[in-house]
Each structure stands twice: as C-alpha cells, then as structure tokens.
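Whenever a hint applies, use it, and build me the whole structure from the sequences.
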Amino acid sequence: MTGSAPRRRRGLFSLRLRLVGALTVMALVSTLLASGIGYVLFHRALLQQAQDTALEQVRQVLTHQVPPVLVNPALDPGSVPQQPLEELALELRRRTQGQALVLVEDTVRVSSGLRLEDVPGELRELSETGIGCQRVVLSGQPWLVVGARVHVADPDGGTRQSPLRVFVFVSLSSQEEQISRLQTSLAQAGGCALVAAVVVGILLAGSVLRPVRALRDAAHRLGEGDLTARIEERGGDELADLARTFNRSATALQGGVEELRRLESQARRFAADVSHELRTPLTSLTALSDVLEDEARQMRPDAGTAARVVVAEVRRLRRLVEDLLEISRLDAGVSVLHLDEIAVGEALLECVHSRGWAGRVEVRAAPGLRASVDPRRFDVILSNLVGNALRHGVPPVTVTARLDELRAPAVLEVQVRDRGPGIPPEKLPDIFERFVKADSSRSGGGGSGLGLSIAHANAVLHGGTLTVHNDGGAVFTLVLPQPAKENR
Amino acid sequence: MPARRDNGPVTAILLVEDDPSARVGLELALTRLGHSVTARATGEEALQTIRSRRPELVVLDIMLPRMDGLEVCRRVRQSDELPIILLTARGDDIDVIMGLEAGADDYVVKPVEPRVLDARIRAVLRRAENQPLERSVYGDLVVDRAALRVTRGGADVHLTPTELRLLLELIRHPGKALSRQQLLRDVWEHDYLGDSRLVDACIQRVRAKVEPDPAAPVLIQTVRGFGYRFSPP
Chain H
1 MTGSAPRRRR GLFSLRLRLV GALTVMALVS TLLASGIGYV LFHRALLQQA QDTALEQVRQ
61 VLTHQVPPVL VNPALDPGSV PQQPLEELAL ELRRRTQGQA LVLVEDTVRV SSGLRLEDVP
121 GELRELSETG IGCQRVVLSG QPWLVVGARV HVADPDGGTR QSPLRVFVFV SLSSQEEQIS
181 RLQTSLAQAG GCALVAAVVV GILLAGSVLR PVRALRDAAH RLGEGDLTAR IEERGGDELA
241 DLARTFNRSA TALQGGVEEL RRLESQARRF AADVSHELRT PLTSLTALSD VLEDEARQMR
301 PDAGTAARVV VAEVRRLRRL VEDLLEISRL DAGVSVLHLD EIAVGEALLE CVHSRGWAGR
361 VEVRAAPGLR ASVDPRRFDV ILSNLVGNAL RHGVPPVTVT ARLDELRAPA VLEVQVRDRG
421 PGIPPEKLPD IFERFVKADS SRSGGGGSGL GLSIAHANAV LHGGTLTVHN DGGAVFTLVL
481 PQPAKENR
Chain A
1001 MPARRDNGPV TAILLVEDDP SARVGLELAL TRLGHSVTAR ATGEEALQTI RSRRPELVVL
1061 DIMLPRMDGL EVCRRVRQSD ELPIILLTAR GDDIDVIMGL EAGADDYVVK PVEPRVLDAR
1121 IRAVLRRAEN QPLERSVYGD LVVDRAALRV TRGGADVHLT PTELRLLLEL IRHPGKALSR
1181 QQLLRDVWEH DYLGDSRLVD ACIQRVRAKV EPDPAAPVLI QTVRGFGYRF SPP
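Protein chains in written order, with the numbering used here: chain H, 1 to 488; chain A, 1001 to 1233.
Check the hints yourself; a few may be wrong.
What the hints assert, rightly or not - As a list, the in silico SDA-like pairs of lysine to any residue whose alpha-carbon atoms are at most 25 Å apart:
# : chain 1 : residue 1 : chain 2 : residue 2
1 : A       : Lys-1176  : H       : Pro-483
2 : A       : Lys-1176  : H       : His-338
3 : A       : Lys-1176  : H       : Gly-345
4 : A       : Lys-1176  : A       : Thr-1222
As the list claims (entries may be wrong) - Sample of chain H residues with no beta-carbon within 12 Å of chain A, all distances over it, derived:
# : residue
5 : Arg-248
6 : Leu-285
7 : His-338
Claimed, not checked - Simulated DEER-style distance windows between Cβ atoms:
#  : chain 1 : residue 1 : chain 2 : residue 2 : range
8  : A       : Pro-1232  : H       : Glu-313   : 28 to 38 Å
9  : A       : Gly-1034  : H       : Leu-337   : 30 to 40 Å
10 : A       : Pro-1232  : H       : Asp-294   : 45 to 55 Å
11 : A       : Ala-1146  : H       : Leu-320   : 19 to 29 Å
12 : A       : Gly-1034  : H       : Asp-404   : 42 to 52 Å
Keep in mind the hints are simulated off the structure, nothing from the lab.
This structure is a prediction, so every number in the text was calculated from the model and none was measured.
Where a beta carbon is used, it is the ideal one built from N, C-alpha and C, also for glycine.
Set out below in structure tokens:
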C-alpha cells in the first residue's frame, strides 16, 4: 500500500466492517431460523412418536393380557390375588421397557421402585376414568408417564371400569440424547455457516474495496500533481461507472492544466521577447540622451528645453519598462532568488546615497548588522519604499533595520517611516495593487505606479512580508526570514 | 567636433552589437567618455577584429545573428585573457550564467547608462594596485606581484585581469573569509549591491587554473552563504 498516502483508516475500515458485519448477521439469522424450526419439528415428532408407542403398548397389554381373575366383578377389591398383579406389571415392563405401578382402587399393590407421588396429580385424575400420558423429570431424568384404568369387556358388548389402575414410566433418555446430538450438529453447522459468511464477506468486501482503494490512490496521485493518474475500468457495475467518470474528469483536468502550462510558457516567452524588443531601442535612447544632456546647455534655449524634456522622459520610460519587465517576470514565476550575506547598514546607506537622497533620509541600523538577502531585490524593495516615502510623504524619512533573533526563524525587519499624513484608510487594503496611488492628485509624481507592487512581490519571493500602517505618517514594514546561522 | 570628457588614457574598445541604433548610440557615448571605439555587428567580424586590432577590452552583445556572444566569448577564452563585458537585453538568468561560465569578466543589462558601462570598463581594466611587490610561494604556485605573473609548476598560469585581481585580493587576506559583496566592491568596483554570481563564476575559473584539484579546492575555500577564503598550505 502507498505508505505516503495520508488517509483516515477508519473510513475504509468501517465500509469493510459493515459489509462483513451485514453478511455475518444475515448468515446468523438464517442459520438460527432454519435450525430453530428444524429443532422444534424434530423435537415434537420424536416425543410424539415415543408417546404414541408407549400409549399403544400399554393399551395392547391392558386390552389383551389382563388375567381375567383380576377383573372378576365378583371379587372384592381387597382380596385381589398378588400373583396375577405381579405378572401384569411384569408384562407391562417387558413391553414398554419401563417401570410399572399397579394399583387396586387407590392402593399400590405392585411397584418397581417408583412411588405414586412421582405421578403428577393431573395424570392421576385423568387415569381415574381413561388413559393419558405426561412427561416428568425425576431426579434429573426425563420420563414419560402413562396412566390408565383397566376396563373390562362386558358380555353384552359394552365395557365397564375395573378397580385396577396402572402407571407406566418410560424413560425418554434416548430421545433426549438424540435431541442433544441434533443440537450439537446444528450448532456445528451454524458455526460453519458463520465462518463461511465472514470469509465470503471479507472476499466480497475486498472485491468491492479494491476498486475503491485504487480510486482513492489515483485521486491522491492526482492531488499530488500526477495528472496521468488513471484507474482500470473493469466490468459494468457502479464502481466501473465511477472509474470511468474519474478517468474522464482526470483527462479533462490534464487537458486544462496542459493548456494552462502552455499559455504560461507562452507568456514567459512573450515576457522575454518583449524584454529584448523594448530594451534594445532603449539602449540607444539611453546612450544618446546622455549625449543630449551634456549638450543641452550649449543649445538654443528652445532646443535645450526640448533636449532636457526628452532626456527626462527617456529616463521615465526606462523606469517604467524596467518595472513592467520586473513585474512580468515575477508574474511568470521565472524570478529566482540569489541569497547573499550583506552588511545591512551599508547596503541601506548605498541605496540612499546612490539615488541622491542622502540629505532627506535617515538610516538607523546597528553597526555590523548582517543579513542574508537577494542583494539586488533588497535594493529594489528599499529604493521603492524610500522613493515612495519621499514622493508622497513628508520628510524626514527614517529607515530602521534590526534583526529579530527571538523569532524562529530569525527575521530581518526594516521599517520605512515618513512624517506625512499617512495613507488614506480606504486605500490601505489595496496599496500594493498595481497602479494604485495613495494620492491621485499627484499621480504624475514620478512613480510608475508599480513600485509598491514590485516591492511586495519581491518580499514575498523572499518568503517574507511587506505591510503598511499609519502611525504619524505611513510606516512600511518589511520582514525577511533569515536562514539558520552556520558556524564559520 | 564633439566635446570629450577627460577620463584618463584612451582605451581601445571593441563594441559588438547587431542593432544599428544601439551600436551608434553606445559608440558615440563611449567615445565621448574617452574611449577609442571600434564597432562591429557580428561575431565573426568581432573575432577577426580581435586578431587584427588587439583591442584592450570587448563589450559584447549576447544576442547576435549566427554566432552569438557566448560563442564569441568561448572562442576568445581559448587563447586569450582579453577582458570581456557582456551586454544582455534579456536579463534572463540563464544568459548571464552561461556568459560568466564562458569566461566573461562582467555583464551589464540593457539599457545601460553610459556612465555605468564606463565605470565597469575602467574597473575591469584596472590593474591590481596597492600590492606589496613581492613574490609568494604556495606549494607549486608562485605569485610574483611585481611582475604580475603567476606560475604553477614553473608554467605560466594565464589569468584575465579580473581573475588576477580576485586572486591577489584573496591572497592579501590569507585565512580571512571575504564576503562576496566585499569582493564585488574591491575587485569589480560595483558601487552598490551587486550580483554575487559574478564572484562565484570567477572563483570557479581561478580555481580551474590554480588548484591542483579544482573539484576539491584547498587554496580557495568556500565559506557557505558568505564568501571565500584563501588558505595558504
């Protein structure tokens, strides 16, 4: 897996979990339902069969194998002989493989270890007149108890009750064992179904999630700028549909970006070409205006004036072209920073002196203050800020430089402050926009209208900031981050 | 007869510029600043003139038809230490870097003020000054300040005037790190913040000529983010 892709595992994990979970629950429910119904049916059938068999066996014995001496109506119940009773009990036990209890009237005459109290009262009542059965549990063992009154056939075709009653206890242990075996089997089958459901769920989740993961990786790559990222469009399901949509969008995006890059490189080439085409004629204009300037004094007054105006305008044109080219290079992103360590105080003094501003600008910087900047761009920024302060503010203009080493990274902070009225508050937000002038009435004041934009863009190129606020005049603050100091 | 400012001895300069107006303008301005200017429009003509007239310095436009200024610069450097100042109209970084690698001593961006170009010309031509007139030996490198001659293993090392000045400036402060801006001021006489790549390119060329192994310099060491230091062995 792509280790670089920052992602929240939970998102994918929960989809997988949900799929597996749903399948498991489904498997569980269907298994429980099927085995539950099967269990109930089997349980009922098994017991019914045991019951029917026991009842039939007891009925058979009572119908055909009751010794006639026991049901002789002439006999007093108290004098019923013991021997035939024992034989009847034995016969019942033989047929049903159970235990028997034989009563005459309400007296237990034969018992094989069981008591009358073990027979539930309901069955005892029922057996007063007919035949019935009931399940009981005696000392942990399941039993089926059959109870019946012995009837005697009359010679006239009817029947009559005899004083004899029998109770037969048939063990249900074998049935119980069968049921418990069934339970085990059902549980095993259910377990297998559950495992199968989980496995199928994981496989299914994998097959669903694989395209999803591929989509996520491709989207990530696309976000990182790899515009060639595509995914396989397999099959005709919704995921394939999604893949197709993704691929179409990526292709469109790639096309758009390529077009943008083409335009950008075109713009860059254009800037370079324009630069060349404008600078070549300006070279001769500059060289020749130098000659004109020298000669202007010796010319006739009107020609001299013309010469001086031409010289001044050539200078202004040069400045404007330089600024335009600078800003177009900054726009095209071809500007490169060449950092070098400079002595800040000296650089500021040179910036001011070389432009003839010495008497009007005060420079404050600790001696020995050094900073790492792009020297040319630093000069561009400062000359624009100071030039702006001199044109639009009121002297004295002060330039203060200091190194703030408490910040990490350390920063070089340079403030250019004038004592003028400051910048009108409504102009503050877009003072760094092109051709925005704080004082429109003085728009012809020598600036190209690009100086502050250029200063700002160059500060940004340094990874720094240029901000402005009013505090007894306009205060421009340049902050340039400094690379970590190396030992030397 | 145009007025001529007196700026010291007349210098023979070859100006190579294909744009007629720029050529005329620069020729006129440089002439008035006291130079003797020969102007040529193509690289081929320039090479021929260098052979026949032996100018003291070449002001060379980079963008020339057919053989461009960089190629002219390379060909001159194969056999000659003639100082070369490049004229570039694009200010493109790649142009400048290639020009400096080709062996140019300095460069100016058009449109250049004649006074600035004049100052650069004089700086490049100025011979090393204020040097103690003595001979120093650093391993197999011998620097003879009186004769302004450098030999290595007995053979002459051919340095352009700028390269020699740079080397002597470094040697003058043995063991001391000199910042690139300081070198730009002292060697190139740039009067304010200049392009430190000039220094870097020139250092590379000097190393190639005086270091036993230019890839692992020992005499001229780099002080990262700051400048260079001469470390006598």
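Status of the hints after comparison with the structure:
Straight-line distance between C-alpha atoms of Lys-1176(A) and Pro-483(H) comes to about 22 Å, which keeps the hinted pair within the 25 Å bound. With a C-alpha separation of about 23 Å, the suggested pair Lys-1176(A) and His-338(H) falls inside the 25 Å cut-off, and the hint holds. Of the supplied pair hints, the one linking Lys-1176(A) and Gly-345(H) holds, its CA atoms being roughly 22 Å apart against a limit of 25 Å. Taking the CA atoms of Lys-1176(A) and Thr-1222(A), the gap is about 11 Å. The hint holds against a cut of 25 Å.
The beta carbon of Arg-248(H) sits about 39 Å from the closest Cβ of chain A, which is more than 12 Å, so the claim that it is off the interface holds. Look at Leu-285(H): its CB is around 7 Å from the nearest CB on chain A, not clear of 12 Å, so calling it non-interface is violated. With a least beta-carbon separation of about 6 Å from chain A, His-338(H) fails to lie farther than 12 Å from that chain, contradicting its non-interface assignment. Distance hint check: the CB atoms of Pro-1232(A) and Glu-313(H) are about 56 Å apart, inconsistent with the given range 28 to 38 Å.
A hinted range of 30 to 40 Å for the beta carbons of Gly-1034(A) and Leu-337(H) is consistent with their spacing of about 38 Å. About 49 Å separates the C-beta atoms of Pro-1232(A) and Asp-294(H), a value consistent with the hinted range of 45 to 55 Å. Range check, Ala-1146(A) to Leu-320(H): Cβ separation about 52 Å, and the 19 to 29 Å hint is violated. Between Gly-1034(A) and Asp-404(H), the C-beta spacing of about 49 Å keeps the proposed range 42 to 52 Å intact.
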